[in-house]
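Residues per chain are reported as follows:
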Amino acid sequence: MHSYYSFVTGPLAWIAFIVFICGSIWRFNSLWQLTKKKDSAVFEYMDRKFALRSIAHWLIPFGSRSMQLNPAMTVATFLFHICLFITPIFVFGHVMLWKENFNISWFALPNMAADVMTFIVIGSCIFFLWRRIKLPHVKYLTTPLDFIILMIVAAPFMTGFWAYHQFPGFVSMTIIHIVSGEIMLMAIPFTKLFHMFLFPFTRGYIGSEFGGVRMAKDW
Amino acid sequence: MSESKTVNDNKKTESKKIEDQGIQKGIEQLTPERIESVIRQVINDETGARLKVYVDTCLHCGLCSKGCHFFLSLKDPKFSPAAKVKQTLWEIMRKKGKVSPEFIKEAALIAYTQCNMCKRCAMYCPFGLDVAYVMSVMRRICYKLGVVPLYIQDTAHSHSVAMNQMWVKDDEWIDTLMWQEEEAQDAMENLRIPLDKEGADIFYSVIGPEPKFRAQLIFQAAVIMNAAKENWTMPSMPGWDNSDMCMFTGDYEMMERLKRLHFESALNLRAKRIVMGECGHAFRSVYDVGNRALGWRMPPIEVVHSIEYFNELFEQKKIKIRKKFERPVTLHDPCNIVRGRGLHEMARNIVNATCANFIEMTPNREHNYCCSAGGGVINCGPPFKNARVESGKEKAKQLFAAKAKGAEVVIAPCHNCHGGLEDIIHHYGVEMELKFFGDIIYEILELPE
Ligand code: SF4
Ligand code: SF4
Ligand code: SF4
Numbered sequence: 001m002h003s004y005y006s007f008v009t010g011p012l013a014w015i016a017f018i019v020f021i022c023g024s025i026w027r028f029n030s031l032w033q034l035t036k037k038k039d040s041a042v043f044e045y046m047d048r049k050f051a052l053r054s055i056a057h058w059l060i061p062f063g064s065r066s067m068q069l070n071p072a073m074t075v076a077t078f079l080f081h082i083c084l085f086i087t088p089i090f091v092f093g094h095v096m097l098w099k100e101n102f103n104i105s106w107f108a109l110p111n112m113a114a115d116v117m118t119f120i121v122i123g124s125c126i127f128f129l130w131r132r133i134k135l136p137h138v139k140y141l142t143t144p145l146d147f148i149i150l151m152i153v154a155a156p157f158m159t160g161f162w163a164y165h166q167f168p169g170f171v172s173m174t175i176i177h178i179v180s181g182e183i184m185l186m187a188i189p190f191t192k193l194f195h196m197f198l199f200p201f202t203r204g205y206i207g208s209e210f211g212g213v214r215m216a217k218d219w
Numbered sequence: 001m002s003e004s005k006t007v008n009d010n011k012k013t014e015s016k017k018i019e020d021q022g023i024q025k026g027i028e029q030l031t032p033e034r035i036e037s038v039i040r041q042v043i044n045d046e047t048g049a050r051l052k053v054y055v056d057t058c059l060h061c062g063l064c065s066k067g068c069h070f071f072l073s074l075k076d077p078k079f080s081p082a083a084k085v086k087q088t089l090w091e092i093m094r095k096k097g098k099v100s101p102e103f104i105k106e107a108a109l110i111a112y113t114q115c116n117m118c119k120r121c122a123m124y125c126p127f128g129l130d131v132a133y134v135m136s137v138m139r140r141i142c143y144k145l146g147v148v149p150l151y152i153q154d155t156a157h158s159h160s161v162a163m164n165q166m167w168v169k170d171d172e173w174i175d176t177l178m179w180q181e182e183e184a185q186d187a188m189e190n191l192r193i194p195l196d197k198e199g200a201d202i203f204y205s206v207i208g209p210e211p212k213f214r215a216q217l218i219f220q221a222a223v224i225m226n227a228a229k230e231n232w233t234m235p236s237m238p239g240w241d242n243s244d245m246c247m248f249t250g251d252y253e254m255m256e257r258l259k260r261l262h263f264e265s266a267l268n269l270r271a272k273r274i275v276m277g278e279c280g281h282a283f284r285s286v287y288d289v290g291n292r293a294l295g296w297r298m299p300p301i302e303v304v305h306s307i308e309y310f311n312e313l314f315e316q317k318k319i320k321i322r323k324k325f326e327r328p329v330t331l332h333d334p335c336n337i338v339r340g341r342g343l344h345e346m347a348r349n350i351v352n353a354t355c356a357n358f359i360e361m362t363p364n365r366e367h368n369y370c371c372s373a374g375g376g377v378i379n380c381g382p383p384f385k386n387a388r389v390e391s392g393k394e395k396a397k398q399l400f401a402a403k404a405k406g407a408e409v410v411i412a413p414c415h416n417c418h419g420g421l422e423d424i425i426h427h428y429g430v431e432m433e434l435k436f437f438g439d440i441i442y443e444i445l446e447l448p449e
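Quick note, the sequences are listed as chains A and B, same order.
Note that the working numbering gives residue 98 to position 98 of the first sequence, counting from 1, and the numbers run on in steps of one.
Note that the working numbering gives residue 48 to position 48 of the second sequence, counting from 1, and the numbers run on in steps of one.
Next up, chain B with everything else stripped away, as it sits in the complex (with noise of 0.2 Å):
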């Protein structure tokens, strides 16, 4: 195996030695006052008990480090969960907001580049203390300070001009979706891709890098969808777009006007319900944390992810398929979806009706490790590819385990674990194939005459 060539030896200076730009400029503009005074209005105004008991409680016994994979994979005690607690927020509450430009910088690279959002440490802690929730409190500091990597914040942008992270223009939109229906008719004539249809059963959406850089997977998903004969739509206007930089870089504001958005889509389409493609992070925004930000304790409408909306496909017998796909296969439980939604049996549903051949990775379901990649933590862009990839050392090791067993295939049913995972894969030279499940499922699908 190629393992040995990963070793890393000074990643201790790793963080160190990367400049942001966006991080920079940011921290060049901020004076000890305003430190201190943004970090008290977001403390007092913002956060209450929680914060001060996850912060207060945590007894420093170490236990969290065995949950979390740049621990696991680094070896190094800083990127411990609670150590990532004790270099922001710990710090913070001590010196009651006096901290320097500089430890706002350091803060900033551990709250954005070194923790994914993944929560899988709240499962190791004996308290349950949420790390994840702290290291959005501390992003939400940073940004209002201004202190954002470039990259996430180029897309944070893109959110708020084009109400998508992609910058796609609202005709590109509706040209890519005409497109991808000419190219889907090819497979399936008469094939449709509903524009604002009224009252359709299915309001479907996607995140906005599809239709940039990913546009078959829309035309994978109408195959499906009319293979199932669904009554369906995809709106035409900005509202498509599902997923949520603004979430991850702290901008919660910007976040509520796009989960609104979104609803608003569907609801004054009278959809009876949104379907998401396979992304995770999307289904975090809308069914977790941009609902509640909006005042709804569950979204207002019902949201559901693309695996649970495949699996009922093959529970109802809605679609059929020729034969079952050969090569054997594994399968990565994306965070957000089975730690955020509890997919993971209906993931290995699909699995066990689309695929002959399935081998386990461990751990798995809720314990599986996260791809370094997600919570914003790839969007922040090249200067931190390497760093990033480092710390999926312990995934690249999972992989390899898998890969001993016979799998050939990764099914990875989230956009941004199909980003980490490719790079992880490339870099170890873990030599698998990553798939999502609409690529296996329209590989084998019966067509309909």
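Here chain A stands alone, though its shape is the one from the complex (with noise of 0.2 Å):
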């Protein structure tokens, strides 16, 4: 069990990142330089002061007309970000590792806020699983890739709360736990969790036509 540990904790931990981060470079840097081939257009009509005034509506809650007509989905949307982000980076057995491996250290939640935030995201994984299977416009769009990357973001979630709470086999759990997020981090740029990097690009370019061409407002 312990030479599992130090091999996803050692080596496949510094693989995940390394394929996290070149990975991601690879994907942007491709996107861009077939933009600047094929749709040059795209940097003449960006505009910083429109794609910023786009973005920022639709960061802000409830700042879109289709956020105000999706309530349940975008407060669930803004919390499940919210938690996915802060989460791994503050929970205290994250922050330790970071301690004990670096020497760095940061401000750790506590462990009542890590809980609730930890079922904030697995709720809202269950929110859109029930999405999906439910209503019927999401239905027909869903693909079994759909599944699977929900699968890959609730898991680190689920099996990190098991751990913590020393739930029986958690010794395992962590294991897993600690594979189930090398992978969410590996599958990013390679999937459709890759929307979190183009989400600025792709509004921000709409607000520019919408802004600069159109002078109407996109949200």
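It should be emphasised that the hints constitute simulated quantities derived from the structure, not laboratory data.
Given the structure is predicted, the values throughout are model-derived calculations rather than measurements.
Be aware that one or more of the hints could be misleading.
Derived DMTMM-like pairs: lysine to aspartate or glutamate, alpha-carbon spacing no greater than 25 Å straight-line [what the hints assert, rightly or not]: (1) B:K323 x B:E446; (2) A:K38 x B:E36; (3) A:K139 x B:E106; (4) A:K38 x B:E256; (5) A:K139 x B:E394; (6) B:K144 x A:D39.
Mind assembling these two chains? They're in different frames, but the hints should get you there.
What follows is the structure, encoded as structure tokens:
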């Protein structure tokens, strides 16, 4: 068990980070080059002011009419994304790991808060799952891969909760937790999870088109 | 309300039943090899990161659904914006172009008749994914495969033969202008429609259907121009038509020819700017799409839609009105000049300057629903009329709501919108009257001695 542990926290962790970082740079760069070669007009119409204006409206909860029309989804997505980013960085166990391995440390979340945030992530994933199964217009669009991605995102949180609270089998669960986190990292550049990096560009572009050429709002 | 009679039960089979001669004849000539090579050519040579990102980034979240009046009207998941991508380019890119003629047939029906290219969904998708752009790529592929609905292809043929949309012959055009000039002289002595005048402040252009079906609009414009004592002109030769069905069929080569001729007509006469009649798609073709295709970031000469021009007339007090238009009005914001050019506040200025009672329809401004006729859909003709009107159900509800608040007249400053709204009003029994701004201004204009 110990050798598994040192493998997943050692070499595999490095691989995961390298794949995540290099993969993201590669994907981003290939899209950038393609844009330069084939869609250079995009740069022509990109406008910092209008891009930021649009991004800002879509980053503020209920800042767009679309969000107002879908209140449950809006609340779920905002809480989900916030917890998704904050929890892994500030959860006590992770902060300790950084401290032990690199001797850097920062604020750690109280246990209660970490638990609540974990539940929010898992709860939102269940909500997203419900939408995919129950709402006809979402179901129609859903592919098997969408379920897998949802699993990839939920898994580290479910296993982390299990391991942290030392439920039965928590030792193996810790290893599964670490692996699932690494899978998620590595999946980002190669799946739709990459949307987090593309959002500012797609939103920024349509914001620039609407603001600069069409002189209209896009929220 | 007569809304109940509109409920349609068998909508799912609707599009299947529609047979279009242009599409049918087109797919009969297709082979899998030809389909694949055309798709590859369009995707590799004419598109790039935008298409890839739009198709790959889509999270299948369905939030765009509430952006599309097709979905809102029909409540069928196949009509959500992302679903239209799923049934077209999503599949095509996944299969790397290896799709059947049957697939192309369905894709053509979706791209040409189930999307008005109104871009409303881009305002509802959190990522701003532009489904209208994806549909335009699909249309481009269909056009290159020769699979285009018959009626709209006929207007595109007219464009390429006569350089106008309605097979208007050169002498008929001049005749129409002279006839309208004569008619208008009854209203205003010494009125002129100056032809080919060099160095005018305004080069006035219209769409093909104006001389063909709505010549009184030219008459009204002439009266308004004369009342405002404008230094204006209209061209006597091809180049007078600013409309563009080729933009919608996917025939971009022809679109470029049309736009170039239109710009050149104005530039050759050294006009200061182009003022366009009340049309939405024509404005889009000149202000947004055609100029880009020709390599101009923005149009090479200032182009002004009638709304902007009328607003200016009132702001600069160039015309006077006798009295305000009394009957309560509501305003339909045409996509192509509102989401396409932000003219909604100017439109409201004109309403306030001309009408005594104004009732907003909701949603309005950028969020207004399209009339279901735009993007060339109405031009696909009779085979698709019933389906088009069905997809205007949400629009009908919106009109009924404005009517319930007292509105009697709908101002729709766009030709296509008129066509679409007329059918909706008739089919659902909304019983409201449609008007252009030009109609209202003409009716209440104080004519100078
Ligand atoms: S562009 Fe308009 S008609 Fe087309 S999918 Fe989007 S909202 Fe619907
Ligand atoms: S809202 Fe955007 S991301 Fe979501 S399904 Fe529609 S197009 Fe895709
Ligand atoms: S016809 Fe009017 S409402 Fe319909 S797409 Fe065009 S501008 Fe929009």
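Now the hints, each set against the structure:
1. B:K323 x B:E446: Roughly 8 Å between the alpha carbons, so the hint for K323 (chain B) and E446 (chain B) holds.
2. A:K38 x B:E36: Holds, because 21 Å separates the two Cα atoms, which is no more than 25 Å.
3. A:K139 x B:E106: Judged against 25 Å, a Cα distance of about 21 Å means the pair holds.
4. A:K38 x B:E256: holds (19 Å)
5. A:K139 x B:E394: holds (23 Å)
6. B:K144 x A:D39: holds (21 Å)
No hint from the list above goes unmet by this structure.
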